[in-house]
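J.: The lines below spell out each chain.
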Amino acid sequence: MDLRRVRAQRRTVLSLALTAGSLIVVSGLVAVLEGPIGVPNASSAYLLAVMVSAMAFGTVAGVLAAVGGFLLYDFLFVQPLYTFTVGDPGEWLNLVLLLVGGIVVGQLAAAQRARAQAAVEREREARALFQVSRALATRSAMTGVLGEIAAIILREADLSRVWIGLTRAAGPERILADTGGSETTPAPTASHAVLRRMPGETPAEWVRVHQPGVRRSGAVGLLAHRVVIEAGGRTLGSLWALRDRSAGQPGRPETRLLAASADQIGQALEQDRLAEEARAAEIARQSDALKSALLESVSHDLRTPLATIRAAAGTILDRHLQISDDDRRASADAIDREAEHLNRLVTNLLDLSRIEAGALRADLEPLDLDEVVDPIVERLGDRLAGRTLTMELPRAIPPVLADPVFLDQVVTNLLENAAKYVPAGAAIRLRATAGDGKVRLTVEDSGPGVPAAALPRLFEKFYRVPSAPGRSRPGTGVGLAVVRGLTEAMNGRVAARQSELGGLAIDVDLPIAPAVVAVALAGG
Amino acid sequence: MTSSHNPEAGPTILLVEDDPATREEVGRNLRLHGYRVVEAGDVAEALRCWEIHRPDVVLLDLGLPDRDGLAVVTRIRREASTPILILSARGEEATKVEALERGADDYVTKPFGMAELHARIRAALRRSAGPAADEGGVVRNGAVELDSLAHVVRVAGQPVTLTPHEFQTLAVLLAHPGRLVTRGRLLRAVWGEAYQGEDQYVYVQVSQLRKKLALADPSGSLRDLIVTEPGVGYRIRAPEPT
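Chain order of the listed sequences is A and B. Going by the working numbering, the first sequence opens with residue 225, and the numbers climb by one from there. Going by the working numbering, the second sequence opens with residue 18, and the numbers climb by one from there.
Hints are supplied without guarantee of correctness; some may be wrong.
Each computed SDA-like pair below joins lysine to any residue, with the alpha-carbon atoms no more than 25 angstroms apart [said to hold, decoys possible]:
#, chain 1, residue 1, chain 2, residue 2
1, A, Lys515, B, Pro37
2, A, Lys644, B, His193
3, A, Lys644, B, His182
4, A, Lys644, B, Pro37
5, B, Lys113, A, Leu526
6, B, Lys113, A, Leu514
7, B, Lys113, A, Arg561
8, A, Lys644, A, Val570
9, B, Lys113, A, Ser523
If you're looking for bench data, these hints aren't it; they were derived computationally from the structure.
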């Protein structure tokens, strides 16, 4: 049998027993008062029994005690005794006064009790709501918190099961929390109650809804109650509660708890949505800023060599000019050199997009560092002009396992980067050391260096070391990102640190070529 | 000097550009076209060159390694109205507007064609000769002719050799025919702010100028061309209507 029904029956029996008991005790008291003590009319003592019953079990028990007291007094103490006949008409007045007084006192006591009970319920409701809002306020993810809320509602309201379903983009509800645990969530029942909420102060009311065509399911004797979760005029889901049919409609406090919880969930979902939108907008803004910064620096870097090329071409093509052979050659050289420079810029940008797409494949082979480095230094000649380049490439350095094209690009970028950011007269050093199964190639300079905080970000795409206000350092933030991408594609590692020369040092670690391959190649 | 032209003949251009290759190529082209070219790679060097050479035109890249190139514009505008052309790879409207607001005269976006650059330099020189100049940038006042494009002064059709300071003094005076030009203004425009109060430079320069002009013109019509306003400055005689 249902636990709830058992509890209600036990309560009825208890209230009857208490009323009867108190009447018997009071009857004894009246007997003593009117007998040995000699009080002429002690009928008002029955009001005691009325108060006790009303306070403990409400109006019905109070009225019952009043009627019982009336009858008992008539039967036991009014002449003729042991009949319900009243001999003296004056006694009628006493009896009627007892009955009326009993009913009034009983009503008052019961009202007091109801108020006390309501206060307890309100306190309980407030506590439950506080728990719900605290759970939402401290949430890290919505899904986890919904289970907590369902548990709170189940604990605080007279319900047998609570579950919460959310809809996404007008789809069907997905149950995200259910106090039923492993039991399957009840399917939408053919008939359930929906809380219809009124604007203003009008209390909400439960309305039965019948859905034809939906199969009847769920436990017999239970009725599902649904509170729609909405925010900003959109339905976001439902808060469902299963309740015993015999317990009747949920009371005011329970209804308020369900409605307020649904409102708070709705507001929290709305907050989450707005926060998500704000985040998405911020990401879009940042990526826009990044794109325009890139466009700005790429266009600067591409336009500068183009300006040189157009100026040189303008000189050669000018029909009004008498140009010496030396001037003509110098301008043609400039065109060639700047075209090569442009080509390297474009290669870097293409490499970067290939690195991003993961489409980079290194063709590894044993390489002697000096054979890679020498042609680069020769090619860069002009760009390094004015800087002292020291090279320390000992003969004993073993060959590295690397891709010749990639390694060329890595060394070119490192030297160009150094030349670009150090003033004329500064020293640049290129050095190789071997050990621990790898060769370390270091390019360092005596330039202004990079603040320690910027070192870890140096290889990030489009990252530019912040410079003093008003200064402008052209650069795309691409060169070093490509260095890292290409080095890692060759199973190497790259790192930046402060150089003992005073400026920036960049270490590129590459694996030493396996001896067998090296020997075989040397032999072949 | 690789140019076949006389490097001292034409107007002086200060070329401020941090990219050595661009500086070299643009400089070569300008020299071949007869300009005197002074090159600078950063703001500090540009300001030094400005003080020493007092160029007729400034070509200025904005992205310089030590400071923003606009600092050069601000400094030059405190002293003179020398034409400033911005050469920049930054193409945004806001950058252009800011440079022009600060006092730059024109804006060329890289990569530019040399023909366009020459046209803009000539236009700037013509404008700097003042409203008295004709469309060829030549100012005439009686027997005197100042050709700002060719950087030549002629008296009765014959070229007169002037020092850069004499040339500029004459140019400033000719640009304001009939109007008073104070000594302070001449000092600032021709020598620079640092010479404030050194009025003797102006006396010497003007007297040299008068002598050279008088010498070149035996008719004596130029003797009272430059009128002294005692204690204030000079005024050049307004040309007679032709």
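J.: Each hint should be assessed against the structure and marked as holding or not.
T.: Consistency of the hints with the structure:
1. A:Lys515 - B:Pro37: 28 angstroms, violated
2. A:Lys644 - B:His193: Judged against 25 angstroms, a Cα distance of about 47 angstroms means the pair is violated.
3. A:Lys644 - B:His182: The hint is violated at about 39 angstroms.
4. A:Lys644 - B:Pro37: This hinted pair holds, its Cα atoms lying about 11 angstroms apart.
5. B:Lys113 - A:Leu526: 19 angstroms, holds
6. B:Lys113 - A:Leu514: Answer holds: B:Lys113 to A:Leu514 is near 22 angstroms, not above 25 angstroms.
7. B:Lys113 - A:Arg561: The hint is violated at about 30 angstroms.
8. A:Lys644 - A:Val570: 17 angstroms, holds
9. B:Lys113 - A:Ser523: 16 angstroms, holds
Taken one by one, the earlier hints fail for this structure at numbers 1, 2, 3 and 7, listed in ascending order.
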